[in-house]
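Trainee: Chains as they are written, first to last, in full-length UniProt numbering: chain A, 1 to 357; chain C, 1 to 393.
Hints were generated in silico from the structure; no laboratory data involved. Do not rely on the hints blindly, as some may be mistaken.
[What the hints assert, rightly or not] Once the Cα atoms are required to be at most 30 Å apart in a straight line, the calculated BS3-like pairs of lysine-lysine come out as: (1) Lys244/A x Lys384/C; (2) Lys96/C x Lys221/C; (3) Lys270/C x Lys332/A; (4) Lys270/C x Lys329/A.
[Stated by the list, open to error] Quick list of simulated restraints, FRET-style, between CB atoms: (5) Glu215/C x Ala12/A: 40 to 48 Å; (6) Thr361/C x Ala12/A: 14 to 22 Å; (7) Glu215/C x Gly67/A: 54 to 62 Å; (8) Val191/C x Ala16/A: 53 to 61 Å.
For each residue, glycine too, the CB sits at the ideal point set by N, CA and C.
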Amino acid sequence: MSDLLYSEEEEALRSAVRDLLTDHCDAPGVIARTESGTPHHLALWKALTDGMGLAGLLVPEELDGQGATHREVAVVMEELGRAVAPVPYLTSAVVATEALLACGTDDLLRDLATGTTIGALAVALNVAPGAAYRVVRHEDGLLHGELTGIADAAVADVLLVPADDGGLYAVDATTATVTPQTSLDLTRPLATVTLAGVQGRLLGDAEPAVRRALRAGAGLLASEQFGLAEWTLTETVRYLRERKQFNRPVGGFQSIKHRLAQLWLEVVNTRAAARNAADALANGDDVDMAVTVAQAYAAPVAVHAAEEALQLHGGIGMTWEHPVHLYLKRAKADSIAYGTPGAHREALAALADLQAP
Amino acid sequence: MTDAEELRNRTRELLAAHPPASTDRLDFLRARFDAGLAWVHYPQGLGGLGAPRSLQAVVDAELEAAGAPDNDPRRIGIGLGMAAPTILQYGTEEQKRRFLRPLWTGEEVWCQLFSEPGAGSDLAALGTRAVREGEDWVVNGQKVWTSSAHVARWAILIARTDPDVPKHRGITYFVCDMTDPGVEVRPLRQVTGEAEFNEVFLTGVRIPDARRLGEIGDGWKVAQTTLNNERVAIGGMRLPREGGMIGPISKTWRERPELRTHDLHQRLLKLWVESEVSRLTAERLRQQLVAGQPGPEGAGMKLAFARLNQEISGLEVELLGEEGLLYDDWTMRRPELVDFTGREAGYRYLRSKGNSIEGGTSEVLLNIVAERVLGLPPEPRTDKDVAWKDLAR
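Chain A with its partners taken away, still in its complex shape (with noise of 0.2 Å):
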């Protein structure tokens, strides 16, 4: 059975995360740069990944990493989670890392170690671990044609492409066009990657690679999906001790409370279930079975709290100034992004042998 509480230093991380993103990525903060033409926290980023060497997590050390695990990077994902930071922690240090640890791309595993090249892997956000995904076509060794919704593209120095022939290639985020999309989810914005014949450099086969960059993304997804719900849930508590009408506290009325303590249920849920895909991650075990349920449990969840804090929050909820718009843009966005709970749902029937009609 995996392990699913926090160890010690896995707290340690936590407070130490949680210490940075209260000094430097207030909600305030987060709204002002979603309205500015660069949405992304690049201070943050550097913080994190130079001070704190958290984009190393899951590099081995002679390449620069820390060699820890997912279980630590979870942790990493929750706090990120409560802070909607907008940094691309997520798509470089996680799904980008893992397709290229795939590879044994070792020069370049060394730069996202070290945060100083950001990478991006040029698949949509939506595809779920097993789904299809769109490839460019590889003629007369360049690269040629145009990819969609691909996150946190903006930031990237570094472009992980799946390419016609099988292959996957890095290639030079300067020698693409780089086009922002207007995004549901403001802080982890998606744009269009435009490649007009540009030279790739050939990391190795695209389809394992992708394969377990996604599956690694959709786990450890559940644990920023988990700390997202965790910080709605808390705050909304806060505010509907505080929050008065008819002459007494809003979170005295029954059928609030009831509403609160079934999304408690529900979170508490989360987090066993986001520890457990975390742990078959690190360790190996049950991966696809942990992966598919986190997912298909903890989107749901996540947009939940998000709905339910926006609601409960009554007018103040539906501020641009109240950061809550920023959570439910997140969980949403989330619910999609590596697979809908559908998708993992139709993965469960084939892993758990309870086939279709």
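Go by the hints and put chain C onto chain A.
Mentor: Relative to chain A, chain C alone:
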């Protein structure tokens, strides 16, 4: 300090002195109790060794491997899960020595006389009276929803001993002898057709003061120990994947492809995921307990258990189609043990309706989570300072 190695050795000594293959079941259980290997966290002389609770697993694994008989916790669940921890915490030395051994071996079955027709969720409103007469208390009243009363030797009972103070303060906790004159048990037939529950009428029952648990008027506090342990016992079982209600329906799905539809498939997969996640939460709670960091998750386990049992068994009846229109047996009988998962889908569906009522309704448990875990304001109380005798009934 007792460590795992010492417990393993003690268990092997027990097995050597009382080989399971040639020892009578009850003799073995008594010897196990006397060796302190019944519940290792209990004190010495009371079936335990004062060892960490987590080390029970070491003993259980050794015994299971040797094919030793167990004390059939299903049959004695109320005694093990509710009476025992209460007696341990509030009983006198004499009470502990008298009751715990036959309780644990299953020689004496226990039931719980708490709920009344007018006091269910509002348990502290109970009206069964206990009046002091010399060294005895004379008890009159009616209890209801009493599982196992027809096979029980003893009952834990709460009764009103002072009607002049507010309802939570005038209650006292007793151990009631179910064979005493004045105790009448009548079966209460349920929606399933059987009578697992009973009504219990108490008419002039004399209980010696020596069978009181805790102080006079402190019964509500004592009952909290019982109720908290009850909820843990109901929701906190350790299960393998597909170990609960989701098991039978998954098996039917695999074996009967002709029953499958797309709608049922979607619903089954969703419940399968929820069952698996609920299992992981229970496992996480167990790991926290072992690590000495109990979490509040236990408060929610029974809620999840009740809802999943009801949804899954409801889906199972639907999946069975024409067979779902049938029922295995409506014969009125009085089973010896509470069985949520036995019999067929229709029975499971009907029996699981009780899961959100027994041991605290889901509505009351949601209030408890909201108030004790989330710190939301308590329900308004109009009866807090009113003497029980002045409450409207």
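Trainee: Hinted pair, alpha-carbon criterion (30 Å max): Lys96/C, Lys221/C. Please report holds or violated.
Mentor: holds (19 Å)
Trainee: Can the restraint linking Lys270/C and Lys329/A be considered satisfied, given a maximum Cα separation of 30 Å?
Mentor: Answer holds: Lys270/C to Lys329/A is near 24 Å, not above 30 Å.
Trainee: Does the hinted range 14 to 22 Å hold for Thr361/C and Ala12/A at CB?
Mentor: violated (42 Å)
Trainee: Looking only at beta-carbon atoms, does the pair Glu215/C, Gly67/A fall within the given range of 54 to 62 Å?
Mentor: Holds - the Cβ-Cβ distance for Glu215/C and Gly67/A, about 59 Å, lies within 54 to 62 Å.
Trainee: Cβ-Cβ distance between Val191/C and Ala16/A: within 53 to 61 Å?
Mentor: holds (56 Å)
Trainee: Given the proposed pairing of Lys270/C with Lys332/A, does the C-alpha separation stay at or below 30 Å?
Mentor: The given pair, whose Cα atoms are some 19 Å apart, holds under the 30 Å limit.
Trainee: For the pair Glu215/C and Ala12/A, does the Cβ-Cβ distance stay inside 40 to 48 Å?
Mentor: holds (46 Å)
Trainee: Need the status of pair Lys244/A, Lys384/C: alpha-carbon distance at most 30 Å?
Mentor: holds (23 Å)
Violated hint: 6 only; the structure is consistent with all others.
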